[in-house]
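If you want the building blocks of each chain, they are given just below.
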Amino acid sequence: MRDRTAIVGLGATPYYRRGASAPQTLEELVGKSILGAVDDAGLHVREIDGFAYFAGGFDTSMLIETLGIPEIRFTATLTGTGGGSAGAIGLAAAAIVSGQAEVVVCVGANQQGAQRYGSITAAYPATPENAFFSASGLVGPGHMFALLARRHMHLYGTTRDDFAEVAMSTRANAVTNPNATLRRPMTREDYFNAPMLADPHCLFDFCLENDGAVAVIVTSLERARDLRHKPVRVLAGNHGGGQDWGRSIYWMNMPDASFASSGHAAVAKRLFAAADVQPEDIDTAQIYDHFTSQVIMQLEDYGFCEKGEGGAFVRSGAIRLKGGSLPVNTDGGQLSCAYVWGMTHVREAVEQLRGTAVNQVPGAQLALVTGGPSIVPVSGLILAN
Amino acid sequence: MAIAKRPPPGLFKLSSNAWTQPFWDATARHVLLVARCAGCGHCRMPPTPFCPVCQSQAINWKPVSGRGEVYSYTVVERAILPDMEAHLPYVPAVITLEGGGGVRLISNVVDTEVGTIRVGLPVQLVWDDLPGGAVALPRFRPLAQP
Numbered sequence: 134m135r136d137r138t139a140i141v142g143l144g145a146t147p148y149y150r151r152g153a154s155a156p157q158t159l160e161e162l163v164g165k166s167i168l169g170a171v172d173d174a175g176l177h178v179r180e181i182d183g184f185a186y187f188a189g190g191f192d193t194s195m196l197i198e199t200l201g202i203p204e205i206r207f208t209a210t211l212t213g214t215g216g217g218s219a220g221a222i223g224l225a226a227a228a229i230v231s232g233q234a235e236v237v238v239c240v241g242a243n244q245q246g247a248q249r250y251g252s253i254t255a256a257y258p259a260t261p262e263n264a265f266f267s268a269s270g271l272v273g274p275g276h277m278f279a280l281l282a283r284r285h286m287h288l289y290g291t292t293r294d295d296f297a298e299v300a301m302s303t304r305a306n307a308v309t310n311p312n313a314t315l316r317r318p319m320t321r322e323d324y325f326n327a328p329m330l331a332d333p334h335c336l337f338d339f340c341l342e343n344d345g346a347v348a349v350i351v352t353s354l355e356r357a358r359d360l361r362h363k364p365v366r367v368l369a370g371n372h373g374g375g376q377d378w379g380r381s382i383y384w385m386n387m388p389d390a391s392f393a394s395s396g397h398a399a400v401a402k403r404l405f406a407a408a409d410v411q412p413e414d415i416d417t418a419q420i421y422d423h424f425t426s427q428v429i430m431q432l433e434d435y436g437f438c439e440k441g442e443g444g445a446f447v448r449s450g451a452i453r454l455k456g457g458s459l460p461v462n463t464d465g466g467q468l469s470c471a472y473v474w475g476m477t478h479v480r481e482a483v484e485q486l487r488g489t490a491v492n493q494v495p496g497a498q499l500a501l502v503t504g505g506p507s508i509v510p511v512s513g514l515i516l517a518n
Numbered sequence: 060m061a062i063a064k065r066p067p068p069g070l071f072k073l074s075s076n077a078w079t080q081p082f083w084d085a086t087a088r089h090v091l092l093v094a095r096c097a098g099c100g101h102c103r104m105p106p107t108p109f110c111p112v113c114q115s116q117a118i119n120w121k122p123v124s125g126r127g128e129v130y131s132y133t134v135v136e137r138a139i140l141p142d143m144e145a146h147l148p149y150v151p152a153v154i155t156l157e158g159g160g161g162v163r164l165i166s167n168v169v170d171t172e173v174g175t176i177r178v179g180l181p182v183q184l185v186w187d188d189l190p191g192g193a194v195a196l197p198r199f200r201p202l203a204q205p
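Line by line, the protein sequences are chains A and B.
The opening residue of the first sequence carries number 134 in my numbering; numbering runs sequentially from there.
The opening residue of the second sequence carries number 60 in my numbering; numbering runs sequentially from there.
Treat the hints as calculated values from the structure; they're not laboratory data.
Just so you know, not all the hints are guaranteed correct.
What the hints assert, rightly or not - Away from chain B, derived, C-beta distances all over 10 angstroms, residues of chain A: (1) Arg-151; (2) Ile-197; (3) Arg-321; (4) Lys-363; (5) Gly-436; (6) Phe-446; (7) Asn-518.
Unchecked claim - Partial list, derived from the structure: chain B residues whose beta carbon lies under 10 angstroms from chain A: (8) Pro-67; (9) Pro-68; (10) Leu-73; (11) Pro-105; (12) Val-134; (13) Arg-137; (14) Arg-163.
Said to hold, decoys possible - Each pair of labels, with its calculated beta carbon distance range: (15) A/Tyr-257 with B/Cys-113: 25 to 33 angstroms; (16) B/Gly-191 with A/Gln-376: 31 to 39 angstroms; (17) B/Cys-113 with A/Gly-450: 48 to 56 angstroms.
Quick reminder that beta carbons are idealized off the backbone N, C-alpha and C, glycines included.
Next up, chain B with everything else stripped away, as it sits in the complex (with noise of 0.2 angstroms):
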């Protein structure tokens, strides 16, 4: 079996504004941060200028511990981009965040064999930490067991 790797890093080019760039500060410190509405207490991800519930602009950013668990997940074994080919297989995937009122991060389950990846399982997350060290991009691994 294979062991998932991390997509092209050239796919990732960061643009921000005003309401997620405090998402990305935070990553840079490997902090993961959570949208919270500071009216209603509504999470939401990504982080937005209102709060689809009460619509208030107020947030209160809430860092999650990073567990969590596979809710989807896809495994890439194809080379769509020719920069696609080294980093194959790599696993793209949808993570509920412990803690995070229900919202998902979409990432990637890394560092594991692909075989063992199913909906479901707990996972804890990983920084890869980029160039320049301006910002972190949150991965997740299985969670090691105790």
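Chain A on its own, in the form it takes in the complex (with noise of 0.2 angstroms):
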């Protein structure tokens, strides 16, 4: 699959507050997003053949019906939740190279007005499985990860201060960036006045909440030389995950050695086999930060630096745009632009790849996209320009 396909389209709503969006409806930013995609790229909707989802995606009965798509011949989604946004277009990739469909979309989208992600662990029907976590009052991710991040600090004497690099780092990418929903400077200070919500994590670890679409048109690397922008190349995109992982946050047995970590190293493994390239190559990496603590996490799974020593990885100012060997989030991320499902992250990768994003960074060629830390299946992407 290594280097056959391309995304060459890129489309997204405007990136609203919680609510927002009203009265437009899930479908219909959606459609936009898509519709953005194709023109983006130079095609016209009804040359669209074929859907790769994530996390339960949307129902391609109606998007044809509504879009006017003549034929669909792939429509698949990869089983979880947010672990598969940068594996979607891995199964893209496949679908193209397979030969099963030619013009395919991955689309993210989010509405949280009726419900907030933050609680959404307590809108889930009761299962025999989630009657041994719904009790003790973790109610959402944020209070999941939490523990994680409680484990990493006592194993690896990750501090505070290292969550508030990130959040802070992130924030100052958000300064410049017009889309970005925070815009106003973060200070240290700042970080640690902010509410704590869930100790160690407070108000500024935690991403945003917004409503928004973005959707991606990936097709063969062929038919991408013939279109209106220079290809993304599409070098790995792979999803998975182990048994020492599994159902991470709502098992909580993980094996001590993967407690505190993201559950990504796996599949880290084998996209970079897969793309052929090593940490040390990219240039710019877009990291699903629902959580800071995750993102450091992230980084010791990815192997930007060894496993216990993000905290020190991040203090050392390597993610900043300004200065760090690897910038990260560089669009200010889901805790400082927008949270759509992590599909702004590979928004920010190929607008970083075109040449064309907001805060540039120098020269990029390689471009990492993770999926989010999850249940099985987490995700990782390479695209490179």
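Hints given; two lone chains; assemble the complex.
Next comes the structure, spelled out in structure tokens:
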């Protein structure tokens, strides 16, 4: 699959604050992002013949009726939740390389007016499995990942100052991005004055709550060469994960070596091998930042530093746009730009490799995108220009 | 400092199946059980239909002492749901069970100063009976010093 497909189109709705996309429906936001993406590619919506989703996906039957897509040849979704946001591009590439489709849409969208993701766990229907955690008052991912963050602090000496550096460096990128939700610079004092939500996670360790949709178009590299933009080549898009991670935050029985991690280690290893590049080759990384602590653990799992040294790595300034060896979440991330199920990270990687990013990393040639640390599967994506 | 409370009771709704019901039945008798494979002795929680090591379906339920230690914890200090307001702060915790073959339970540390809770804190079980008496919830307190 290496280097056989490319991202050729990018579409997005505005990034709305939670609830502010009303009265548009979720399907409408999805449709607008898809139409934007085909237009950006120089294609017509009628040429779409595939959908590759994650996190439950959307209703393809409704989308083809709504948008006027004559025939669909491939429609599939990765299992799991936000873990698949980067891997959905790999699913699209698999469909194209195997000849099952030619123009494939990957799209993510959310509206949080009615259900806030911060308390989504408590909204799940009662099951025999969640009876083993619901009584404890873990009502959302932010509570659950706080347990992993605490363990990481215990094992490796990671501190809240390290989390603060992730929050502040990400905010610094949002300050210069007109699309970003939060654009006021954040000081260390701001961070430590923020309300504590689930110790050690304070308000600024949590991602934003937005409404919005982001879609990309994937096609064969051959066809991509005839389209409007310079192709952003898909070197590798992998998903999966180990039994040692499994249901992760809903299970909490991961072996000690994996508990304080992002669950990405196995996928990361396969991803770099499939792309035939090394961590040090990556020019910019768009890392799923639902929580600051999980950025640190992904940096470790993707081999940018040793296990346990993620705190020291960010403290060194490594992930800063200015002067860092690995600029991370250059659009302001989900912490400060917008949360759209991880698809903002795909968008930002494409813009970096087109050379059109608001906070352009000079000469960026290789970008890593990660899917959300969540239940298996998790996923990663390596793109090149 | 604040005392660790119990989370809102409304968050728990029992749902069970043939594999988890024995665990909940035992809670009514204030017995904490761990699912131990009858084939190879591997312990697993929550109880599931197969042993992940040897794929056996046979379980020897193992009662444990109720002592353990805090593996990790978080202090919930802000209400995300309105019901949480009267219950703050509370402390969701992952507890490694003594004699449990390494398994951990997701529970709470309660009735103690929040500031004294730490990773590795020895704890002991305390049962919260639910109305009706069919089920009790396991929570944990710091182990009383002898």
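*Verify that the Cβ of A/Asn-518 lies farther than 10 angstroms from every Cβ atom of chain B, and report whether the claim holds or is violated.*
Since the minimum Cβ distance to chain B is about 41 angstroms, A/Asn-518 lies beyond 10 angstroms and the statement holds.
_Assessment of proposed distance window 25 to 33 angstroms (beta carbons of A/Tyr-257, B/Cys-113)_ = With a Cβ separation near 31 angstroms, A/Tyr-257 and B/Cys-113 satisfy 25 to 33 angstroms, so the hint holds.
_Status of the B/Pro-68 interface restraint (C-beta, 10 angstroms, chain A)_ = holds, 8 angstroms
_Quick check for students: does the CB of A/Arg-151 sit more than 10 angstroms from each CB in chain B?_
holds, 13 angstroms
*With 10 angstroms as the threshold, tell me whether A/Ile-197 passes as away from chain B on beta-carbon distances.*
Consistent with the label, A/Ile-197 stays out of reach of chain B, its closest Cβ about 37 angstroms off (over 10 angstroms).
*Using 10 angstroms as the Cβ threshold, decide whether B/Pro-105 counts as touching chain A.*
OK, holds: B/Pro-105 within 10 angstroms of chain A, min 4 angstroms.
*Minimum Cβ distance from B/Leu-73 to chain A below 10 angstroms?*
holds, 6 angstroms
*B/Gly-191 and A/Gln-376, beta-carbon distance inside 31 to 39 angstroms?*
holds, 37 angstroms
*Non-interface claim for A/Gly-436, where every Cβ of chain B lies beyond 10 angstroms*: holds, 25 angstroms
*Decide, holds or violated, for the assertion that all CB atoms of chain B are farther than 10 angstroms from the CB of A/Phe-446.*
holds, 22 angstroms
*Regarding the assertion that A/Arg-321 does not contact chain B, is the least Cβ-Cβ distance greater than 10 angstroms?*
holds, 20 angstroms
*asked:* Just to be careful: measuring from the Cβ of B/Pro-67 to every Cβ in chain A, is the smallest value less than 10 angstroms?
replied: It holds, given that the least Cβ distance between B/Pro-67 and chain A is near 7 angstroms, below 10 angstroms.
Every hint, counting from the list given before, is met by this structure.
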